[in-house]
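Participant: Since the structure of chain A is already known, use the hints to place chain D on it.
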Amino acid sequence: MDRKKLRDYTGLVLSWLASSLTIAACGGIVLYLFINGFKEISWSFLTSEPASSFTSPTAGGISTPIVGTLVLTFIGIVVAFPWALATSIYLAEYAGRKGFASVLRVGIDVLAGIPTIVIAIFGAAVFSNPKLGFLSSMVVNGDEASKAFGRSFLVSGLTMAVMVLPFIIKTCEEALKSVPDTYREASLAMGASKWRTTTKIVLPSAKNGIATSVILGMGRIIGDTAIVWLTLGGTLQMTGVQPWWKPENWLSTLRNTGSTLTSYIYYTSPAGEGNMAAKAFGASFVLIVIIILLNVITGLIAKGKRIKEEA
Amino acid sequence: MEENILVQHYIRDKKQKISYSKIKDSICESGVMLLTICSSLVVIFIFGFILIKAWQVISVNGIDFIITKGFDAQITKAYHADAAHPYWKFGVAGLIMGSIATTLGALIIALPLGLGTAIVITELAPNWMGKLLQSVVRLLASIPSIIYGLIGLLVIVPFITKHFITVDMQVKYIKYFQIDGKSMLAGILVLSIMIVPMIITLSVDAINAVPKRYKEASIALGISHWRTIVKVIIPAAKSGVLAGVILGVGRAIGEAVALSMVSGGIGNIPDPSNGLVFFLTPVLTLASAIVNKSEAMSVPSINSALFACGVALLITCVSLSLFTKLVEYLIARREGIG
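Going down the list, the sequences are from chains A and D. Number 1066 in the working numbering belongs to position 159 of the first sequence; there are no gaps in the numbering. Number 291 in the working numbering belongs to position 264 of the second sequence; there are no gaps in the numbering.
Pulled out of the complex, with its shape left as it was, chain A reads as follows (with noise of 0.2 Å):
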């Protein structure tokens, strides 16, 4: 009896040691970032653009990555949604779930499960071909043996679109698959078309579920830091024509590479040629910051929901 209440007890303790290590991993890095992080912090780290430079007095801030974090956050979700959604409309409304429709899921899931390295390389390369020139500057027109990459933020933007796709589809899908079958019945009972029906009842009563979708891949693109290392480079200042945020320039500032936060750690990380570890500590305490703040908005727009559901 004692031996069977001390097995118990064992599990017990064990389960919860695992769920204290697990706080603990979470909890330390966080607060890791924050502790390290938070004194690189300035009004002026904020808001001047990094400079060429190994030591960490001279280099500058990190403006630029912040903005390329926009701009890829930006093309991704532009290019990614609408086809997301439209994807998930078909799958959720009109495909049923044997024959045809199994083939197109399975297609999306296992495009789900590819890394995003492989997804990189493959940007990287699609858009390197001179006809696909016009995205980057540095493609070389007619010159295929120029093995220069074709490296931009349009091309990045478009790669990271690809990325989160999948992602996007099955969270839409889920949404649009959570609304009642009894709104889809009355509105086609008054008459309404299929097609009105979805876009008229379905859709806004999905509307919660499909921004958490779109705010996920927004934390995923801009946390990714594999395909902006392949398809924009470890370059960190604006290559394109300076300044670069006049709105003429802004077309040559698309065409050519930047940084984005995730960049510009890599870079100034030990692993990467700057080594100026505060540096990296700043750019990652605002990192956090913005997955945190993503995070806490989905947890509101899940509460909101969860009270109008109750009320």
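Hint data in this document are derived by calculation from the structure and do not stem from the laboratory. A hint or two may mislead.
To list a few chain D residues with every Cβ distance to chain A over 10 Å, as calculated [said to hold, decoys possible]:
(1) T193
(2) Y241
(3) F305
(4) I358
Some chain D residues near chain A, calculated using beta-carbon distances under 10 Å [said to hold, decoys possible]:
(5) C55
(6) L61
(7) S66
(8) L159
(9) R165
(10) L167
(11) Y175
(12) G281
(13) E282
(14) V284
(15) M288
(16) S315
(17) I317
(18) S321
The beta carbon of each residue, even a glycine, is placed where N, CA and C say it ideally should be.
Facilitator: Coordinates of chain D only, in the frame set by chain A:
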């Protein structure tokens, strides 16, 4: 008469409107279907494209590509070979062993950790604490891999250097590789933290899906709570746990940047007979090799070799996804019959 014509006009208008909206509907519907087909064709396009790029290396090396080792030396040779006589012999056995070793190691740590945490969340902790834990897990899942890499490089690697590595050890192995803390052990630790949240999330879902009556029946028979968890709930939830494990394996194999930061970057095959040094061996995985050697991609043969690594990764991950699908299908069928 006049009225009649008006009515007829009205009806015709209405009919036209209906047919217009019908056309609009069908255009939208087929557009949506077309986009869906596009999104599932993307994967075939990626596969084909990468296969074409990798074909030269695969056709030159054949099966040797996955059974010979010495990738680093081959890359160096290929990089310094003159353009007229490019070097095409590559073998990634070392990288494959590195991938397998780090993934298995991470799994050995992450599975008990994840399962334990999932049990606490679903069965042991009070409701509020379970919710708190779940949001922590969600945060852990959304932390970018570069941050795991950074922490690994600046915390775990120095820790290993300080506590596990002695000068004697470094001297003893210097002719094989340099022991400097960037090692398989660091890679395993970083990877295991990264895949724990996946195992937890899917295990929690699976445990929650186990019917309450199973647990009630077991408790009513006088079996203790812990015994019920181990003998009734976990076995009933094992397919979900398995799904979490497969997802975790997929992520671990595909993780590139974080691993290339902490695990060294030399494609050694760790030798278990080295004792503790087994874990301190620097390794390179298929995915991190692509990041690590991407600087040299301007050489056509290296480019092709890295794409061949991509092919190996793709095949692994596609089979993992299909395996999950198969498990899902088998379970659905069993439940359908039973």
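Participant: Look at each hint and say if it fits the structure.
Facilitator: Status of each hint after checking the structure:
no. : hint : verdict
1   : T193 : 22 Å, holds
2   : Y241 : 18 Å, holds
3   : F305 : 24 Å, holds
4   : I358 : 15 Å, holds
5   : C55  : 5 Å, holds
6   : L61  : 9 Å, holds
7   : S66  : 5 Å, holds
8   : L159 : 9 Å, holds
9   : R165 : 6 Å, holds
10  : L167 : 4 Å, holds
11  : Y175 : 8 Å, holds
12  : G281 : 2 Å, holds
13  : E282 : 7 Å, holds
14  : V284 : 4 Å, holds
15  : M288 : 4 Å, holds
16  : S315 : 8 Å, holds
17  : I317 : 5 Å, holds
18  : S321 : 6 Å, holds
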